[in-house]
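Colleague: Listed here are the chains, written in short residue letters.
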Amino acid sequence: MSEEILKALTQLFAIISKQDGGVSDNERGFALNFFQQELEKSAVEEYLNLYDSISGYHEQTGKHVDDRSNQPTSVKDSIRTLAICKKINKTLTQKQKVVVLIKIVELVSSDKQFTNQRMEIVNAVSTVFNILQEEYRLIESFVVSEKVSSLDFADILIADAGNEKSAPLQKHLHAHVDGHLVFLHVSSVEMYFVKYLGKDANNLNGFIMKPGRVYLFSQGSIIKTPDGGALYYSDLIADFNEEIQTIKLSFKATIEEFTFRNGVVGLRDVKINEGPGKLIGIMGASGAGKTTLLNILAGLEKPGKGSIKINGFDIHTDKNKVEGVIGYVAQDDLLIEELTVYQNLYYNAKLCFAKVPESEIQERVMKVLRDLGLDHRKDLKVGSILDKQISGGQRKRLNIALELIREPAILFLDEPTSGLSSRDSENVVDLLKELSLKGKLIFVVIHQPSSDIYKMFDKMVIMDTGGYPTFYGNPVRAITYFKKATNQVDSNRGQCEVCGNVNPEQIFNIIEARVVDEYGQPTNKRKVTPMQWHEMFKSQFKPSAVEDTREEPPKTLQLPSRLKQTIIFTTRNFLSKISNRQYLLINLLEAPLLAILLAFIIKYKSAPDGKEYIFRYNENLPAFMLMAIIVALFMGLTVSAEEIIRDRKILKRESFLNLSWSSYLFSKLAILFLLSAIQTFTFIAIGNWILEIQGMTWSFWLILFTTSCFANVLGLNISAAFNSAVTVYILIPLLLIPQMILSGVIFDFDKLNDVLSTKGKVPVVADMMTSRWAYEAMAVHQFRNNEYQKGYYDYEREESRADFKSAYLADELKNRNQFLIDNLQSKNDSIQKLISINNHILYIELINEPFKEGIAQLNLKDVFVGAGYSKEIGKQLESYFDIYKKHYQQEYNINAALIEKKMSFYEQQGFDIQREKNEFFNESLSDLVRNISTKERIMEYNGQLVQNINPVFQSPKPKNTFDYRTAFFFPEKNFLGITMTTFSFNLIVIWIMTLLLYLTLYFELLRRFVDIFEKVNLPVKK
Amino acid sequence: MSPLLLAADELTPSVEFNKKNETFLIEGKSLLDNPTPFFSPIKDWLKNYSKEPNANTVLTVKFEYFNIATSREMLDLLKILETVPASKIIWQFLEDDEDMEESGQELAELVSVPFEFQPY
Chain A
1 MSEEILKALT
11 QLFAIISKQD
21 GGVSDNERGF
31 ALNFFQQELE
41 KSAVEEYLNL
51 YDSISGYHEQ
61 TGKHVDDRSN
71 QPTSVKDSIR
81 TLAICKKINK
91 TLTQKQKVVV
101 LIKIVELVSS
111 DKQFTNQRME
121 IVNAVSTVFN
131 ILQEEYRLIE
141 SFVVSEKVSS
151 LDFADILIAD
161 AGNEKSAPLQ
171 KHLHAHVDGH
181 LVFLHVSSVE
191 MYFVKYLGKD
201 ANNLNGFIMK
211 PGRVYLFSQG
221 SIIKTPDGGA
231 LYYSDLIADF
241 NEEIQTIKLS
251 FKATIEEFTF
261 RNGVVGLRDV
271 KINEGPGKLI
281 GIMGASGAGK
291 TTLLNILAGL
301 EKPGKGSIKI
311 NGFDIHTDKN
321 KVEGVIGYVA
331 QDDLLIEELT
341 VYQNLYYNAK
351 LCFAKVPESE
361 IQERVMKVLR
371 DLGLDHRKDL
381 KVGSILDKQI
391 SGGQRKRLNI
401 ALELIREPAI
411 LFLDEPTSGL
421 SSRDSENVVD
431 LLKELSLKGK
441 LIFVVIHQPS
451 SDIYKMFDKM
461 VIMDTGGYPT
471 FYGNPVRAIT
481 YFKKATNQVD
491 SNRGQCEVCG
501 NVNPEQIFNI
511 IEARVVDEYG
521 QPTNKRKVTP
531 MQWHEMFKSQ
541 FKPSAVEDTR
551 EEPPKTLQLP
561 SRLKQTIIFT
571 TRNFLSKISN
581 RQYLLINLLE
591 APLLAILLAF
601 IIKYKSAPDG
611 KEYIFRYNEN
621 LPAFMLMAII
631 VALFMGLTVS
641 AEEIIRDRKI
651 LKRESFLNLS
661 WSSYLFSKLA
671 ILFLLSAIQT
681 FTFIAIGNWI
691 LEIQGMTWSF
701 WLILFTTSCF
711 ANVLGLNISA
721 AFNSAVTVYI
731 LIPLLLIPQM
741 ILSGVIFDFD
751 KLNDVLSTKG
761 KVPVVADMMT
771 SRWAYEAMAV
781 HQFRNNEYQK
791 GYYDYEREES
801 RADFKSAYLA
811 DELKNRNQFL
821 IDNLQSKNDS
831 IQKLISINNH
841 ILYIELINEP
851 FKEGIAQLNL
861 KDVFVGAGYS
871 KEIGKQLESY
881 FDIYKKHYQQ
891 EYNINAALIE
901 KKMSFYEQQG
911 FDIQREKNEF
921 FNESLSDLVR
931 NISTKERIME
941 YNGQLVQNIN
951 PVFQSPKPKN
961 TFDYRTAFFF
971 PEKNFLGITM
981 TTFSFNLIVI
991 WIMTLLLYLT
1001 LYFELLRRFV
1011 DIFEKVNLPV
1021 KK
Chain B
1 MSPLLLAADE
11 LTPSVEFNKK
21 NETFLIEGKS
31 LLDNPTPFFS
41 PIKDWLKNYS
51 KEPNANTVLT
61 VKFEYFNIAT
71 SREMLDLLKI
81 LETVPASKII
91 WQFLEDDEDM
101 EESGQELAEL
111 VSVPFEFQPY
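Those sequence lines, one after another, are chains A and B.
Mapped onto this note's numbering, the consecutive letters of the first sequence carry residue numbers 1 to 1022.
Mapped onto this note's numbering, the consecutive letters of the second sequence carry residue numbers 1 to 120.
Just so you know, the hints here were simulated from the structure itself, not pulled from any lab data.
Backbone N, C-alpha and C fix where the C-beta goes; we use that ideal spot for every residue, glycine too.
There's no promise every hint is true.
[Said to hold, decoys possible] Derived lysine-lysine pairs resembling BS3-like cross-links, with alpha carbons at most 30 angstroms apart: (1) K79/B to K87/A; (2) K90/A to K79/B; (3) K90/A to K47/B; (4) K86/A to K51/B; (5) K87/A to K62/B; (6) K86/A to K20/B; (7) K7/A to K51/B; (8) K90/A to K88/B; (9) K87/A to K43/B; (10) K88/B to K86/A; (11) K90/A to K43/B; (12) K95/A to K51/B; (13) K86/A to K79/B; (14) K90/A to K51/B; (15) K87/A to K88/B.
[As the list claims (entries may be wrong)] Per the computed footprint, the stretches of chain B lying under chain A, defined by three or more beta-carbons under 8 angstroms from a beta-carbon of chain A, are: (16) 64 to 70; (17) 104 to 113.
Use the sequences and the hints to build the structure in full.
Modeller: Have a look at this one:
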């Protein structure tokens, strides 16, 4: 309260108290008391003097008092009051004004001098304050009245030991209170006040309540009675607000038996029936199945034999009916460590409330933060457990806030107080209690609660080792129950008579008491086995029936569309990534560093004279390209492999929201692809720059980016399937090494194990490797499309084809024809076999041969497939092959001449062909894609001739429309009758593989597969 | 605009608001617990007047006594007068009634209309 206002109030006090009869000691005492509350000791004097001088306390004598008793309020006092009130109006909020008004009424009532003049002033004050007349009357009655029966208002609640209300309109609450606690609800400002009429020393928020005094009953207030009873703020709110009592919620859990995967029984015969507005604790020795019970109740695990029903809807079979009804706060943090407190909550809220406008979401977030005392911490990063930015209590509260913000009707919390200070623990449970009083049903696994916390619970479920429930009911009663069961003295007493404390530890001391041997040492045997406790429990308790509603449970969840979810996920993801400096720095620097390292090492004075670096002679180019692909795969994998594992806990929580899995995955992909794009670009830009690979940046980048995206999705797959980062990282070599082995560069495809290889075709196993597609695309593209080769490729291709036919194929076919002529009469089986092979080969080669001079009239089918082959035909063919050879020699010469001509033309134009070749063309790569190192330029495989030399100049010869297969480094691919360049075809193949991996990710196939393996029990020695 | 004429009784003052004569006078005492019904027509009249006021408006207030509820109404009244250009209050009080004089002074601080104090 500001000095100005306090002065104004002092004046008001003084003016009112000096009216008819003058200041009484009671009034002055009240004012003094008020000053003492509001002011420092030193200032009290000053204000008291002000009060005295205006009220004329020192001038008046006993006699005077009676004389002046009927004098009307002086006009000056009236005007002054008016002036003061106007001033207050300008500075105080309506809430504060209500408090001021109550203070004034209290002042008057402190002396019980309710004269007209005084009440007139108070009334005038209330009108100037714009307080409704009815509300003023309510406030006045509340402050003044000493009899509860005279308080007949709907906004009054009396808490006392009686069972009935004393006036028809007022509300009543049964409580163990000596006398009455009177609560006032001022609805216009939503404020609550309390006063106590009685003789006990009740305690409001730790302060003794003076009987008759009015106290503000603020949010979260607790009144504790001397005998240990407690009245919570929310208790009162609930009672004032009839709406809460109409919440339709029933929770019915029947778990006959739950068995773990390894066959151990986790829970037996648990029955829980609850309605709205309850705070239920679950306690038990370690290993008693508390968390298991909670997880089953929350629907995280299926109950085995039994069912969990909310309002009659089974949470496993009627999933959509109970969507968003359940909230779950796990024991571990489910926070995104890289985001701030506010962001964590904000994005969570965005995912829950699709239809709530932005401003309201922000408001709600702030409200929850305020409610949980986190508002001043809102811009701090959550930080990891090791790098704590906010305290453990605050983390916990934030975890709870994430669930609170969407207000699920049923909330499950696993040890929300573990690791918290007792003060923090109490705050958290206070908060839960408040929520429960707003109509939520809350289950809490609690460990070693303090007396205060223990008593806050409405009911306690106590579990014993082996999953046996041994108690389910009022917490304090639990203590007497177990005491009685073991015939202890003072078994009727649950709590300390003096301090009202209970000792929950007692319960476990009793439950787990051990038999003592003759030396007084406790043995391993328990006095009462869990099963005996359970039998005793069953015989004494019947689960209370809860009204079974079939209405859909209340829910506030409104999920955004998938697209919006994707955007929200992506933003959240993006923010968390950029706020992690280390992560960002390493990921962005990794690629350029590797590029520099790699390119620097493999750049040498490659010119034939060894004096300078010439790209053309750099023999490391093929290896560089392979490394680039491996780097793209590696970066893509490592960056994504941990993604889902990191989020697993958050996903567990969000699973209650039924958020879209594909939106989540898309958000991951968006960020990862972006990162891949940047990484691969920086890598290839720098690598190409150092190695002077010109004009290939974008095409290489596209290949590497595609490869990296594939690796991203692959990484997400394993990230979704395995549950630890270590497993995932161990898996990476397993995924990468095959990519290297089967890339086609390190090991020749023709020299692989015969089981795998198909001569003249890339083996099918290699077709499953991205590296092979990427490498082929890269190599073929560089060779075919570099600035130098571009101009001659088509001529060289013709030249190469003609060369092959004239230099190798002509002789080969001639020889085979000779064999047929020589063995025309042979009946030898093995020779017959060779004859038919040769027939077949000749047939295939000739039928596809465009040059048929001299054999045009031959029916090739008749000759080679039918039995039409004769010596004459053989001779005819022999001379044909001579012409054939000559023809292609000629063709070769024509193309060679064309190339030469073109080169000289360019040279005339001023182009330096040699320089161009040095800059754009690479000999090693050319050797590689032309396969000139092969010894067998032509070979027979499976009854066909296979050309091994010059794959990059060949064309695919598909057997059928689906036959995409060719040898490595073919310039084109054919599929479904469409011919595509290897570059485009291979990229499409990688994207299709990526898409397939996305589908396995979406359906979590790998995870299911892994789960099947996990279910297989390995025999364990017992 | 017809003049507003109210005769005094035990609990209310006399009122004479006459635009033609340029007479604006409140005189006597005001003791009603709820004076709002009494003052409402006066305030309404003044509001109407403020739409077409005379060149000068001088309101003479000559109270013997008024209670706190009336003080609120008076303040409202003066607030309306604030909207009338060239308006003025003549605050008349018994020569030895310091209380009334000081009240006038306090009231003058709450509004922007100039006050002239006249003991009688």
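Colleague: Does the alpha-carbon distance linking K86/A and K51/B stay inside the 30 angstroms limit?
Modeller: holds, 27 angstroms
Colleague: Below or equal to 30 angstroms on CA atoms is what counts here, so check K90/A against K47/B.
Modeller: Status holds; Cα separation ~25 angstroms.
Colleague: Holds or violated: K79/B with K87/A, Cα cutoff 30 angstroms?
Modeller: At roughly 16 angstroms apart (the allowed maximum being 30 angstroms), K87/A and K79/B satisfy the hint.
Colleague: Is the straight-line distance between the alpha-carbon of K87/A and that of K43/B 30 angstroms or less?
Modeller: Distance ~23 angstroms between K87/A and K43/B Cα, so the pair holds.
Colleague: Within the stretch 104 to 113 of chain B, is the number of residues with a Cβ closer than 8 angstroms to a Cβ of chain A three or more?
Modeller: This one holds; 4 residues, not fewer than the three required, reach chain A with a Cβ under 8 angstroms.
Colleague: Is K86/A within 30 angstroms of K79/B, Cα to Cα?
Modeller: Distance ~13 angstroms between K86/A and K79/B Cα, so the pair holds.
Colleague: Measure nothing beyond the straight line between the CA atoms of K95/A and K51/B; if it is 30 angstroms or shorter, mark the hint as holding.
Modeller: Measuring from Cα to Cα gives roughly 37 angstroms; hence the hint is violated.
Colleague: Hey, K86/A versus K20/B, does the alpha-carbon distance stay inside 30 angstroms?
Modeller: violated, 35 angstroms
Colleague: Please count how many residues of the stretch 64 to 70 of chain B have a CB within 8 angstroms of a CB from chain A and say whether that reaches 3.
Modeller: Result for this restraint: holds, n = 6.
Colleague: Need the status of pair K90/A, K51/B: alpha-carbon distance at most 30 angstroms?
Modeller: holds, 28 angstroms
Colleague: Straight-line Cα separation of K87/A and K88/B no greater than 30 angstroms?
Modeller: holds, 24 angstroms
Colleague: Do the alpha carbons of K90/A and K43/B lie within 30 angstroms of each other, as the hint requires?
Modeller: holds, 24 angstroms
Checked against the numbered hints given earlier, this structure breaks hints 6, 7, 12; the rest are met.
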